[in-house]
Each structure stands twice: as structure tokens, then as C-alpha cells.
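Visitor: Those protein sequence lines, which keep their order, are chains A and B.
Residue numbers for the first sequence follow the numbering used here, beginning at 1 and rising by one.
Residue numbers for the second sequence follow the numbering used here, beginning at 1 and rising by one.
Since the hints were derived computationally from the structure, they do not count as laboratory data.
Check the hints yourself; a few may be wrong.
Stated by the list, open to error - Not the full set, but computed from the structure, chain A residues with beta-carbon under 8 Å of chain B:
no., residue
1, Gln47
2, Arg54
3, Pro58
4, Ala104
5, Ala108
6, Ser110
Unchecked claim - Covered stretches of chain B, as calculated for chain A (at least 3 residues, CB under 8 Å):
no., stretch
7, 45-59
8, 68-82
These numbers were taken from a predicted model, which means no experiment stands behind them.
Every residue gets a Cβ at the ideal spot worked out from N, C-alpha and C, and that includes glycine.
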Amino acid sequence: MSALHQLTIAQWAARASEWNDVASWQAWARGETPQPPADSETIQLPQVPAMLRRRLSPLGRAALWALFELRGQESESTPPPLATIFCSRHGEVSRTVTLLDDLATDTALSPTAFSLSVHNAIGGIYSMAAAETGNITAVSAGPDSLCHALLEAWCLLQDGTDDDRVLCVVYDDALPPPYPQEANAGATVQALALEVRKAGQQGTQLRFSLESNPGDVGSTSVNDDFLRLLLNPDHRDLTVSADQRRWHWSGTV
Amino acid sequence: MTELKKQLKQLIIDTLDLEDISAEDIDSAEPLFVDGLGLDSIDALELGLALQKRYGIKLEADSEETRRHFASIDALAELVANHAASV
Numbered sequence: 001m002s003a004l005h006q007l008t009i010a011q012w013a014a015r016a017s018e019w020n021d022v023a024s025w026q027a028w029a030r031g032e033t034p035q036p037p038a039d040s041e042t043i044q045l046p047q048v049p050a051m052l053r054r055r056l057s058p059l060g061r062a063a064l065w066a067l068f069e070l071r072g073q074e075s076e077s078t079p080p081p082l083a084t085i086f087c088s089r090h091g092e093v094s095r096t097v098t099l100l101d102d103l104a105t106d107t108a109l110s111p112t113a114f115s116l117s118v119h120n121a122i123g124g125i126y127s128m129a130a131a132e133t134g135n136i137t138a139v140s141a142g143p144d145s146l147c148h149a150l151l152e153a154w155c156l157l158q159d160g161t162d163d164d165r166v167l168c169v170v171y172d173d174a175l176p177p178p179y180p181q182e183a184n185a186g187a188t189v190q191a192l193a194l195e196v197r198k199a200g201q202q203g204t205q206l207r208f209s210l211e212s213n214p215g216d217v218g219s220t221s222v223n224d225d226f227l228r229l230l231l232n233p234d235h236r237d238l239t240v241s242a243d244q245r246r247w248h249w250s251g252t253v
Numbered sequence: 001m002t003e004l005k006k007q008l009k010q011l012i013i014d015t016l017d018l019e020d021i022s023a024e025d026i027d028s029a030e031p032l033f034v035d036g037l038g039l040d041s042i043d044a045l046e047l048g049l050a051l052q053k054r055y056g057i058k059l060e061a062d063s064e065e066t067r068r069h070f071a072s073i074d075a076l077a078e079l080v081a082n083h084a085a086s087v
């Protein structure tokens with residue numbers, strides 16, 4: 001696939017561990033130190049009933065917070081089905097490491113931790129909390145996972161969805177020990193939700209292409225780089241290198 | 001028995017991450033699952049594991065007997081007390 005494809009990012013919402021407001025993200029994109037509002041570290045998530053909320057890790061809370069930001073106040077009591085893509089390179093890796101530690105010491109595994117460690121668990125909780133009956137996909141596809149999620153969104157839009165938009169959330173936490181901590185460099189975005197529409201709708205217009213490129217290895221900060229692309233009108237080009245793949249993204253006004 | 005029931009309530013709160021609930025909020029006679037406290041099937045498995053770890057009680061995952069023991073705090077306390085008396 002070397003052809004150019006196009007899509008619209010109609011709106012976005014993003015969380016870092018210490019802020020989630022647009023002004024802080026703009027400061028971050030300019031290379032400044034954000035001054036977030038005092039209470040921005042905690043995620044309330046009133047849209048999720050307490051008995052479901054207890055099942056969410058901080059990462060899951062961040063992902064759902066970003067999605068609910070995009071959904072806003074729903075005008076209809078039963079909104080139409082809305083296709084949603086959950087994308088994470090490592091998913092709930094902290095839960096998995098705990099399970100592996102337990103296995104290594106012959107400790108019985110927690111059924112709850114096991115059920116929540118699978119890649120579509122956060123999507124499942126979201127579907128219950130939002131009463132979402134639309135198509136839900138869970139993607140994990142290497143260092144360029146975000147790009148694959150947007151390709152999936154583009155495909156869904158070409159294929160015809162229930163709605164004329166697709167929601168996409170990409171989320172990752174720092175890898176816990178014993179993973180090498182260098183792998184965590186340059187990742188500020190914890191969760192980034194994107195409302196994707198066909199090209200030519202109101203929002204940021206993006207073109208993208210994908211080519212095979214033997215020798216390319218993964219970059220670690222794709223989610224950060226992509227948010228910078230959305231935030232910086234003067235620097236609307238992004239090349240993402242991954243396992244033998246190379247993506248080109250460019251923005252048009 | 002009162003002390004055991006209090007202990008079991010705290011075990012449920014800690015094991016099942018019931019963040020907004022304290023032991024006083026749980027009625028000993030009230031159903032634990034679906035109605036009442038509102039626990040679900042994953043909680044049942046987790047609680048089974050906790051009982052095994054804490055009291056050495058082994059339960060069949062899906063037997064009628066287990067359902068009866070899991071009906072309420074009162075029923076659980078009876079199970080734990082009987083088990084302690086039998087070992």
C-alpha cells in the first residue's frame with residue numbers, strides 16, 4: 001500500500017499522568033513545562049458505575065476518560081451504535097507481569113486479574129458502561145500500533161459503519177520492571193482518543209501512506225509524535241518507522 | 001461469629017476492590033450476588049480463591065452447594081465456622 005489515503009481527525013482528547021487539558025498539551029507541544037489545573041491528576045469517570053469502575057486500572061480509566069470526552073453530552077437517550085477501536089501496544093502489561101510472578105512462585109492466579117489482562121477487557125467494560133452495541137476492535141500491532149488503528153478506522157469508514165465516524169483510543173503505560181526502562185523514553189501520552197471521519201469533514205485533514213522498508217526498527221514515541229502533529233500547524237509531517245514498515249503522515253489545512 | 005462476619009466483610013471489600021463500601025454497609029443477611037451487594041461471576045471465582053487462601057476451604061466452582069454458601073455473609077460465616085470446627 002503505497003497509495004495515499006486521507007481521513008479527518010474531527011476532535012481529540014488526551015491524558016498524560018499529570019494533565020489532560022488542551023492548554024497544557026499546547027505548552028507541551030511547544031516544549032514548555034505545562035501548568036495544569038490543580039485537580040487534573042485524578043480521573044472521576046462518573047459515566048462508569050462504581051461496580052464496573054473498580055475493575056479499571058489507571059490506564060483503563062485514562063482510556064475511558066478520553067473516549068467519554070469525545071462523546072460529550074449525548075443528546076439522545078439511546079445513541080446510535082458507534083464503532084470504537086481500542087489500541088495499545090502493551091495493553092495491561094502490569095497485570096500480566098503480576099500473573100507471571102504468581103505463576104513463577106506457584107501462587108494461585110487471581111481470576112479477576114486474568115480476565116482483565118486480556119487485550120479487549122477495557123473495551124468490554126466500556127461497552128457495558130456506555131451501553132455501546134457498535135463494532136468494538138482491540139488492536140496491538142507493534143511500535144506503530146496507532147497507525148494500524150487509524151488504518152482500521154479508515155477501512156471501517158470505507159466499508160460503511162453505523163455512524164459516519166469511528167472513535168479510536170490509543171493508550172499505553174510505562175513498562176514495569178523487569179522490562180528495560182529505556183523502552184519507556186519519550187512517552188508522555190497515556191491515552192489519546194481520536195474521532196475519525198472520512199476526508200473532507202470538519203477537522204484536521206491527514207494523508208497517509210504505508211510502505212515496506214526492510215531495516216526499519218521501531219520508534220518508541222509514536223503516540224506523542226502523532227499528538228504533536230495534530231497540535232503543531234507549522235510541522236505537519238510525521239514519519240513512523242516500525243518493524244520493516246514506514247508510514248508517512250502529513251496534514252493539510 | 002460477629003467477629004468472623006466482620007472479617008469476611010473486610011475480606012470481600014479488599015479482595016473485590018469495593019472502593020466505596022465499608023464493612024458496616026454490608027448487611028449480613030443480604031444477598032451478595034446480583035441483587036443486594038451486586039457481585040458477579042468473576043467475583044465468585046475471586047472470592048472462592050480468597051476463602052481457599054485464608055481459611056483453606058476448597059469449593060466446587062459451580063455446584064448448588066457453593067451457591068448456597070455464597071448466598072450471604074451469614075451463610076459464608078456458617079461455612080467458615082463449620083470448616084474450622086471440622087479440622
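Visitor: Each hint needs a verdict: does it hold in this structure or not?
Guide: Taking the hints in turn, this is what the structure says about them:
no.	hint	result
1	Gln47	16 Å, violated
2	Arg54	4 Å, holds
3	Pro58	13 Å, violated
4	Ala104	17 Å, violated
5	Ala108	6 Å, holds
6	Ser110	6 Å, holds
7	45-59	holds (count 5)
8	68-82	violated (count 0)
Of the hints listed earlier, those the structure fails to meet are numbers 1, 3, 4 and 8, in rising order.
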